[in-house]
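Q: Each chain, written out:
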Amino acid sequence: MLAQLISSLTDGLLLGFVYGVAAMGLTLIWGVMTVINLAHGPVIALGMFGTYLLFTHLGLNPYVALIPVAVIGLVLGLVIYGVAVQRVINAPHLSSLLATFAVNMTIIGIGTAVFSTSPQNIDFSLGSLDLAFLTIPATRLVAAGGAVLFTAGLYLFLYFTRPGKAIRAVANNRNAAELMGIPSYQVLALSFGLGTMLAAVAGGLIATFFPFTILSGGPYELKSFVICVLGGLGNPLGALLGGLILGGLEGLIPSFMPVSWVPVVEFGLFVLVLLIRPSGLLGAK
Amino acid sequence: MKRLGVGLLLALWVIALTTFPTGTFAADKTVLIGFTASQTGKLNVEAIRQINGLHLWVEQVNKAGGVKLPDGTVIKFADKFYDDESKKERVQELYTKLINTDKADFLISPYSSGLTDAAAVIAQQYNRIMITAGAASDSTYKKGYTLVYQTYTPASRYLTGAVDVLLKMAPQAKKVAIIHEKDKFSTDVVNALKKYAEDKKLAVPLFEGYEPGTTDFAPFINKIPADVDAIMGGGHFADTTTLARQLYEKKVNTKMIALLVAPPEPKFAELGEACICVIGSSQWEPLAKYTLESAKKDNIPWVGIAGDDFVKAYKAKFNEEPSYHSAGGYIAGVILQEAIQKAGSTDTAKVKAALDAMDMMTFYGRIKFGTTPKDQGLQVGHEMVYIQWAKDKAGKPVKEVVWPAAGATAPAALCPKR
Chain A
1 MLAQLISSLT
11 DGLLLGFVYG
21 VAAMGLTLIW
31 GVMTVINLAH
41 GPVIALGMFG
51 TYLLFTHLGL
61 NPYVALIPVA
71 VIGLVLGLVI
81 YGVAVQRVIN
91 APHLSSLLAT
101 FAVNMTIIGI
111 GTAVFSTSPQ
121 NIDFSLGSLD
131 LAFLTIPATR
141 LVAAGGAVLF
151 TAGLYLFLYF
161 TRPGKAIRAV
171 ANNRNAAELM
181 GIPSYQVLAL
191 SFGLGTMLAA
201 VAGGLIATFF
211 PFTILSGGPY
221 ELKSFVICVL
231 GGLGNPLGAL
241 LGGLILGGLE
251 GLIPSFMPVS
261 WVPVVEFGLF
271 VLVLLIRPSG
281 LLGAK
Chain B
1 MKRLGVGLLL
11 ALWVIALTTF
21 PTGTFAADKT
31 VLIGFTASQT
41 GKLNVEAIRQ
51 INGLHLWVEQ
61 VNKAGGVKLP
71 DGTVIKFADK
81 FYDDESKKER
91 VQELYTKLIN
101 TDKADFLISP
111 YSSGLTDAAA
121 VIAQQYNRIM
131 ITAGAASDST
141 YKKGYTLVYQ
151 TYTPASRYLT
161 GAVDVLLKMA
171 PQAKKVAIIH
181 EKDKFSTDVV
191 NALKKYAEDK
201 KLAVPLFEGY
211 EPGTTDFAPF
221 INKIPADVDA
231 IMGGGHFADT
241 TTLARQLYEK
251 KVNTKMIALL
261 VAPPEPKFAE
271 LGEACICVIG
281 SSQWEPLAKY
291 TLESAKKDNI
301 PWVGIAGDDF
311 VKAYKAKFNE
321 EPSYHSAGGY
331 IAGVILQEAI
341 QKAGSTDTAK
351 VKAALDAMDM
361 MTFYGRIKFG
371 TTPKDQGLQV
381 GHEMVYIQWA
391 KDKAGKPVKE
401 VVWPAAGATA
411 PAALCPKR
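Line by line, the protein sequences give chains A and B. Quick note, the first sequence lines up with residues 1 to 285 if you use the working numbering. Quick note, the second sequence lines up with residues 1 to 418 if you use the working numbering.
Incorrect hints may appear among the rest.
No farther apart than 16 Å at their CA atoms in a straight line, the calculated lysine to aspartate or glutamate pairs in the EDC-like style are these [what the hints assert, rightly or not]: (1) K289(B) x D308(B); (2) K391(B) x E270(B); (3) K267(B) x D123(A); (4) K143(B) x D188(B); (5) K175(B) x D229(B); (6) K251(B) x D130(A); (7) K396(B) x D123(A); (8) K296(B) x D359(B); (9) K267(B) x E321(B); (10) K255(B) x D164(B); (11) K250(B) x D130(A); (12) K297(B) x D359(B).
Covered stretches of chain B, going by a simulated chain A footprint (3 or more residues, C-beta under 8 Å) [unchecked claim]: (13) 31–42; (14) 235–247; (15) 264–271; (16) 387–398.
If you want the ones that stay clear, here's a sample from chain B, every Cβ over 12 Å from chain A, calculated [unchecked claim]: (17) N127; (18) T346; (19) A349; (20) P416.
Note that these hints are calculated values from the structure, not bench results. Only a predicted model underlies this, so the values are computations on that prediction, with no experimental measurement involved. A virtual CB, placed ideally from N, CA and C, is assigned to each residue, including glycine.
Given these sequences and hints, build the entire structure.
A: This is the structure:
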């Protein structure tokens, strides 16, 4: 029983790192511009397809493919921001919600027409690592490592570079930042681009161990909302922590009770955090 | 005056003869077949293959001159369909529209048991015959519907043959773990599988369901006892493919893995090493040989084209290998055609009587329906074919038919150590 628990917890935590990266994109966008990005799920799916296409057609190693996927994700984010978000950024939240929902439906529609909903699979294996009674697929280990690297990169960017500091300034107080000469339009566009880039990268990492379709981003988008609330909206480190908690729960709960209880516990926790600590575990009080 | 009248009548007759081609004057009838197809949403791959099969049948039957009834009427077929978006609520709305607005004479089901169950109630309510394709769940045919006829082998017989294969390969086998998707079809399959396994004195130490859309199977795989002889279950393509891959990555060792839906699909080979030894049941395989001879052997009539001709025509039209979904769609049309032919009419009651009496062999296998109140319309003639993925000489995955033994292309093999 103990072996089963440790195995399940390890599997869950490794997955949690990737959940964290996916949620980080969502939380960044919310933190900077208070936009709930409903196009987050389809972008995760596009990240999966990007990695898949680069692997199958150009023979690129899936982890190397993450670099062009990240760049494409950034550009896609800038485009989505310019086309759908920028004009409604000062409108009530419902407007940006509907605008990003429209982008969501557009991507899914085009994706279904181009790729169908047939599951795709990256036939790439690094084998498995045997540690005593644990058998850990190496792709999950590498994905967790990649997630940590991206988190560290984002942290360094936000705290030690000029554009990063500008993002934090705009997130803190947009009017004050503008008065200090920070071009908020560019900063908001960059934040949206970075958020989208993180979603695409998370998708690319997930694609190395799970088959996927154009609809696969949906569940991760939903998890990202829970994670953002758990960790604290607007806080990238909180997103990683939230991801680990959610992954751990998903690993452990099925050991004790039927798996259908997982969403009950997850969303129960979601409501509980909203009630007791609405700002999340690492959010400002 | 009388002469003038006769003259006028003659003139009208001549005009009628020259205006309408001989024989089609009130003797041609177009029967409209209505259905929904999941062109979008999670079922779009299987659903599109199913309608491709059906469209091929419509094209072929019309090209061959349609169905000629004893009274000289020539029946041609046309179809009308809408996208149900893989959603139940759309299905009921659209079937009602097909019947009331489009005036569909006969119905074909959407793909999947869940959607078909939603459509069947509408067919029955409006007194339309529905031939179901892609709908294996037994429960739809046990609700007292009298006009719903099943093409697929029902879910209750979907994986039971895998137990027979296991006991043939490893007669000392004692334990089977079952992990399954918690949808209508998969639940029907594994409930029957569990009962069958227990009847055969096999213990089922793990019997657990997962939600549709699950991608991480590690929590289930960690729960599989180390000493099980076989792992069975799964659900639909996406989840079953993921389960097979993760069983391999977690190095689960067992004598046999038998899963639903995904293994017969050619795309399953993309799993590489992870697909080797996995057994799957299929409604139909191009390798399966149902022929005129097998019909003669069973003393039942042969209907329709040969399997090879179907494969050739399908490939030529759609540029892909037909799957059992495609064959199911095609055969649903053949069933309707044969029933109208036998009934000599398109009247619902007469066609229903012909369907109840139907017992025929096609390239897809035998077709016969249950006629008791408990299984009205349930498919009782058709049998599943079991395939297993093995390696060819070059080490690439290759599909073999391993059961029933009579039609096998290779013997079933135990799983290698992972």
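Q: Would the least Cβ to Cβ distance between A349(B) and chain A come out above 12 Å?
A: holds (40 Å)
Q: Check the hint pairing K267(B) with E321(B) against an upper bound of 16 Å on the C-alpha distance.
A: holds (11 Å)
Q: Has the given pair, K143(B) with D188(B), been kept, meaning a C-alpha gap of at most 16 Å?
A: The given pair, whose Cα atoms are some 15 Å apart, holds under the 16 Å limit.
Q: For the stretch 235–247 of chain B, does the count of residues with a C-beta closer than 8 Å to a C-beta of chain A reach 3?
A: Holds, because 6 residues of the stretch 235–247 of chain B bring their Cβ atoms closer than 8 Å to Cβ atoms of chain A.
Q: Given the hinted pair K175(B) and D229(B), is their alpha-carbon gap at most 16 Å?
A: Since the Cα atoms of K175(B) and D229(B) sit roughly 5 Å apart, the hinted pair holds (cutoff 16 Å).
Q: Far enough from chain A: is every CB of that chain over 12 Å from the CB of T346(B)?
A: holds (35 Å)
Q: If I take the minimum Cβ distance from P416(B) to any residue of chain A, is it greater than 12 Å?
A: Fine: 16 Å to the nearest Cβ keeps P416(B) off the interface.
Q: Would the hint linking K396(B) and D123(A) be met if the CA-CA limit is 16 Å?
A: Roughly 13 Å between the alpha carbons, so the hint for K396(B) and D123(A) holds.
Q: Mind checking, does the stretch 387–398 of chain B have 3 or more residues with a CB under 8 Å from chain A?
A: violated (count 0)
Q: Hinted pair, alpha-carbon criterion (16 Å max): K267(B), D123(A). Please report holds or violated.
A: Holds. K267(B) to D123(A) sits at ~11 Å (cutoff 16 Å).
Q: Check whether the Cα positions of K255(B) and D164(B) lie no farther apart than 16 Å.
A: holds (14 Å)
Q: CA of K289(B) to CA of D308(B), is that 16 Å or under?
A: Judged against 16 Å, a Cα distance of about 9 Å means the pair holds.
When the structure is compared with the earlier hints, a violation turns up for hint 16 alone.
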